[in-house]
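Protein chains in written order, with numbering that gives the first Met the number 0: chain S, 0 to 136; chain E, 0 to 506.
Think of the hints as simulated: they come from the structure by calculation, not from any bench. Quick reminder that beta carbons are idealized off the backbone N, C-alpha and C, glycines included. A portion of the hints provided could be inaccurate.
To be verified - Listed below are several chain S residues computed to face chain E (Cβ distance under 10 Å; list not exhaustive):
| # | residue |
| --- | --- |
| 1 | Leu-34 |
| 2 | Thr-36 |
| 3 | Ser-39 |
| 4 | His-72 |
| 5 | Thr-98 |
Unchecked claim - Covered, in the sense of this in silico footprint (three residues per stretch, anywhere, with C-beta under 8 Å from a C-beta of chain E), are these stretches of chain S:
| # | segment |
| --- | --- |
| 6 | 25 to 31 |
| 7 | 73 to 79 |
As the list claims (entries may be wrong) - Far from chain S, by Cβ distances over 12 Å, these chain E residues were calculated:
| # | residue |
| --- | --- |
| 8 | Ser-18 |
| 9 | Ser-107 |
| 10 | Gln-353 |
| 11 | Ser-370 |
| 12 | Ala-388 |
Spelled out from the first residue to the last, the chains are:
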Amino acid sequence: MEHEEPRGLLDRIGVLRHRCDLDLLVFFSRHPRVLLTSESLVRFLGDDDSEIARSLDVLLATGLLTRTQTDTHAARLYVFSNEGVHHEWLPGILRIASTAEGRRRLLSALSERDDDESIGRRQTSHGGKPLDPTPDR
Amino acid sequence: MPEPDLVKTGISGLDAILSEGIPRGNVILLEGAIGTGKTTLGVEFVYRGASEFDEPGLIVLFEVSPEKLVRDAARFGWDLPALERENRVKIIFTTRPVFLQELQQADSLLLEEAAKMGARRIFVDGVAGVLGGNGDEPREVFHVLVEGLQREHLTAVLAVEASALHGDHPVALPEESIADTVIRLRMEDIARSTVRSVQIVKSRGHDFQMGRHSFRIVDGHGIQAYRRVQAPRRSNRDRAAAFDPTSRVTTGVPGLDAIVNGGYLLGSTTVVAGISGVGKSVMACQFIAEGARLGERSLMLSLDEQVPQILRNAKSIGIDLQAEIDRGLVRVHYDPPQEIEVDHHFHEIERIVQEFKPKRVVFDSISTYGSSLGTEGRLFRDFFHALVALMKEHQTATVYNHENPEMLGMSSMMGTFHMSSLVDNIILMNWVEIGDGFRLGLTVAKMRANPTIRTTHECEVVNGEGMRILSRQLPVGMALPFSRYQGLISRAPTRHPLQRPDIDEQK
Numbered sequence: 000m001e002h003e004e005p006r007g008l009l010d011r012i013g014v015l016r017h018r019c020d021l022d023l024l025v026f027f028s029r030h031p032r033v034l035l036t037s038e039s040l041v042r043f044l045g046d047d048d049s050e051i052a053r054s055l056d057v058l059l060a061t062g063l064l065t066r067t068q069t070d071t072h073a074a075r076l077y078v079f080s081n082e083g084v085h086h087e088w089l090p091g092i093l094r095i096a097s098t099a100e101g102r103r104r105l106l107s108a109l110s111e112r113d114d115d116e117s118i119g120r121r122q123t124s125h126g127g128k129p130l131d132p133t134p135d136r
Numbered sequence: 000m001p002e003p004d005l006v007k008t009g010i011s012g013l014d015a016i017l018s019e020g021i022p023r024g025n026v027i028l029l030e031g032a033i034g035t036g037k038t039t040l041g042v043e044f045v046y047r048g049a050s051e052f053d054e055p056g057l058i059v060l061f062e063v064s065p066e067k068l069v070r071d072a073a074r075f076g077w078d079l080p081a082l083e084r085e086n087r088v089k090i091i092f093t094t095r096p097v098f099l100q101e102l103q104q105a106d107s108l109l110l111e112e113a114a115k116m117g118a119r120r121i122f123v124d125g126v127a128g129v130l131g132g133n134g135d136e137p138r139e140v141f142h143v144l145v146e147g148l149q150r151e152h153l154t155a156v157l158a159v160e161a162s163a164l165h166g167d168h169p170v171a172l173p174e175e176s177i178a179d180t181v182i183r184l185r186m187e188d189i190a191r192s193t194v195r196s197v198q199i200v201k202s203r204g205h206d207f208q209m210g211r212h213s214f215r216i217v218d219g220h221g222i223q224a225y226r227r228v229q230a231p232r233r234s235n236r237d238r239a240a241a242f243d244p245t246s247r248v249t250t251g252v253p254g255l256d257a258i259v260n261g262g263y264l265l266g267s268t269t270v271v272a273g274i275s276g277v278g279k280s281v282m283a284c285q286f287i288a289e290g291a292r293l294g295e296r297s298l299m300l301s302l303d304e305q306v307p308q309i310l311r312n313a314k315s316i317g318i319d320l321q322a323e324i325d326r327g328l329v330r331v332h333y334d335p336p337q338e339i340e341v342d343h344h345f346h347e348i349e350r351i352v353q354e355f356k357p358k359r360v361v362f363d364s365i366s367t368y369g370s371s372l373g374t375e376g377r378l379f380r381d382f383f384h385a386l387v388a389l390m391k392e393h394q395t396a397t398v399y400n401h402e403n404p405e406m407l408g409m410s411s412m413m414g415t416f417h418m419s420s421l422v423d424n425i426i427l428m429n430w431v432e433i434g435d436g437f438r439l440g441l442t443v444a445k446m447r448a449n450p451t452i453r454t455t456h457e458c459e460v461v462n463g464e465g466m467r468i469l470s471r472q473l474p475v476g477m478a479l480p481f482s483r484y485q486g487l488i489s490r491a492p493t494r495h496p497l498q499r500p501d502i503d504e505q506k
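Could you build the full structure based on these sequences and the hints that come with them?
Shown next as structure tokens:
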């Protein structure tokens with residue numbers, strides 16, 4: 000698993016599907032205990048709020064991230080921890096994402112997988128007939 | 000009067016400056032320009048609390064990423080992740096508006112986290128932007144912040160960047176009047192070097208050492224503060240500031256004990272002054288070796304020569320210092336004279352003396368301190384004063400070699416070094432030009448509380464043997480003894496007329 004390719008790793012993890020999922024995972028791994036409003040989170044990540052809300056739900060579902068829910072507070076306390084959930088893939092993905100080159104490879108693998116899944120969906124909607132990947136000229 | 004409940008910082012040297020700690024619950028404003036060490040000090044305050052005093056703590060960050068803070072802390076050997084896993088430290092990353100808002104709320108999430116872990120300490124790194132960041136009056140905002148922290152009875156260190164503190168003209172921050180304790184960190188340019196200093200500007204509820212004390216940030220350890228040498232010391236130092244009038248240590252120089260009343264008194268301060276090459280270091284080696292011969296621990300502190308060279312020189316006069324070092328009777332400590340940080344240097348000497356407990360100490364040479372610290376102004380004199388007091392407290396017989404620039408004769412005992420009043424004994428060594436050669440003279444110029452015979456004695460350094468004092472009366476080979484001359488240290492010695500009755504008596 001030391002040198003697992005990003006695509007293989009992402010396929011195995013399954014839960015990380017979008018760039019924002021990855022960016023949020025890396026952000027919380029670097030800031031394991033943050034007290035922030037959703038507006039500040041949007042500013043830190045530079046993505047739109049709906050994407051961030053969706054990615055937050057993804058991370059919360061993995062159990063890696065917990066969040067306080069208090070109506071009277073604009074800010075929420077997010078705590079990121081691998082303890083108790085033991086996602087063995089986490090160190091590997093964080094190691095790859097720790098370099099600019101690694102992050103590019105992960106984003107490229109996410110995009111590639113997204114494309115593959117789009118093709119798969121289109122195949123399904125065309126009765127299972129393979130689509131010609133070459134665009135019409 | 001009840002004993003104050005003091006929070007020890009655990010930071011090396013700082014608690015001594017703070018007179019054992021800071022009153023619990025104090026809000027501490029930690030001021031300093033960029034790079035002065037505010038974050039390191041604040042993090043160490045929380046780290047030491049959690050790891051040494053069973054006082055969990057929070058670290059609140061606005062700009063520094065927790066990942067980098069953890070990495071930098073590891074450089075000092077502080078395992079913050081381990082303390083986080085044990086719930087003894089929590090590092091919270093937030094923004095200033097959120098932080099301020101949180102502290103104003105009765106059910107603050109931040110303070111709830113503090114309460115859950117039983118936090119007793121908090122460090123907030125960079126509160127400057129919090130204060131007046133929303134256009135509010137900084138003093139009011141700070142007041143709100145302090146109220147919030149005091150609800151949880153936290154002893155808080157709040158780091159604030161104060162760029163105006165780089166230099167000698169600090170501008171008071173408005174929050175200083177509200178804070179209970181104000182600690183100011185500085186980087187001071189001294190010639191081409193930079194020295195860090197820490198100053199306790201105020202601290203409510205306890206005593207502390209005033210003035211600027213030096214500190215260093217040391218890999219593998221953290222902050223090490225050194226009380227300024229001028230700061231008042233323990234009262235037992237004053238009580239011990241006298242020599243023992245009954246116990247003497249022999250000098251190790253044949254013939255010298257007879258002219259210094261049998262040796263130097265314990266607790267006394269002796270300066271041996273003379274130009275380079277007259278044999279001051281040789282005498283020093285003999286003094287140290289004599290101690291070792293008698294089973295007394297002896298310490299040599301050198302600024303001029305490195306240890307291997309001292310060992311080699313000692314060997315040339317038949318002294319095996321290395322063997323005595325191996326026996327644990329001699330310690331030779333070298334500190335390079337370039338850019339001496341005087342507080343740190345003094346601290347190191349104090350540590351060695353306390354640990355090694357020598358009976359004899361030699362400084363070779365005090366003139367090098369003068370070159371490093373400058374003999375004008377108070378720094379050198381205060382430093383020397385502190386050294387003398389330290390050695391008297393430990394009742395060591397201490398010899399300071401001093402390089403007097405005059406080659407022939409001597410018109411001043413200490414030159415520009417205004418310290419002769421602090422010294423108990425002064426031995427002058429100088430070249431005497433007689434005929435076409437130089438001969439070496441030794442004069443005891445001062446022996447406090449002792450009879451002093453201020454005649455000049457001839458001495459010589461013999462290869463493989465060291466220095467010895469020659470008889471004043473017996474001829475030296477073909478040459479007349481010193482007793483036949485007058486004006487030996489006034490640059491123009493002349494022979495006594497033979498008919499003088501005192502000379503005839505000596506004959």
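For each hint, the structure was consulted:
A least Cβ separation of about 4 Å between Leu-34 of chain S and chain E falls short of the 10 Å threshold, and the interface hint therefore holds. The beta carbon of Thr-36 of chain S is positioned within 10 Å of a beta carbon in chain E (closest approach about 6 Å), and the interface hint is therefore held. Checking Ser-39 of chain S against chain E: minimum C-beta separation of about 5 Å stays under 10 Å; hint holds. Annotation: His-72 of chain S was flagged as interfacial toward chain E, and the flag holds, the nearest CB pair being 6 Å apart, inside 10 Å.
At about 14 Å, the closest approach between the beta carbon of Thr-98 of chain S and any beta carbon in chain E exceeds 10 Å, and the interface hint on this residue is violated. Restraint check on the segment 25 to 31 of chain S versus chain E: 4 residues with Cβ-Cβ distances below 8 Å, three needed, restraint holds. Coverage of the segment 73 to 79 of chain S by chain E holds [criterion: at least 3 residues with CB-CB distance below 8 Å; count 4]. Against chain S, the non-interface label of Ser-18 of chain E holds: every CB pair exceeds 12 Å, the least being about 35 Å.
At roughly 8 Å from the closest C-beta of chain S, the C-beta of Ser-107 of chain E falls inside 12 Å, breaking its exclusion from the interface. Its beta-carbon lying about 43 Å from the closest one in chain S, Gln-353 of chain E satisfies the requirement of being farther than 12 Å from that chain. Every CB of chain S lies more than 12 Å from the CB of Ser-370 of chain E, the least distance being 50 Å, so the non-interface label holds. The Cβ of Ala-388 of chain E sits about 50 Å from the closest Cβ of chain S, beyond the 12 Å cut-off, so the non-interface label holds.
Of the hints listed earlier, those the structure fails to meet are numbers 5 and 9, in rising order.
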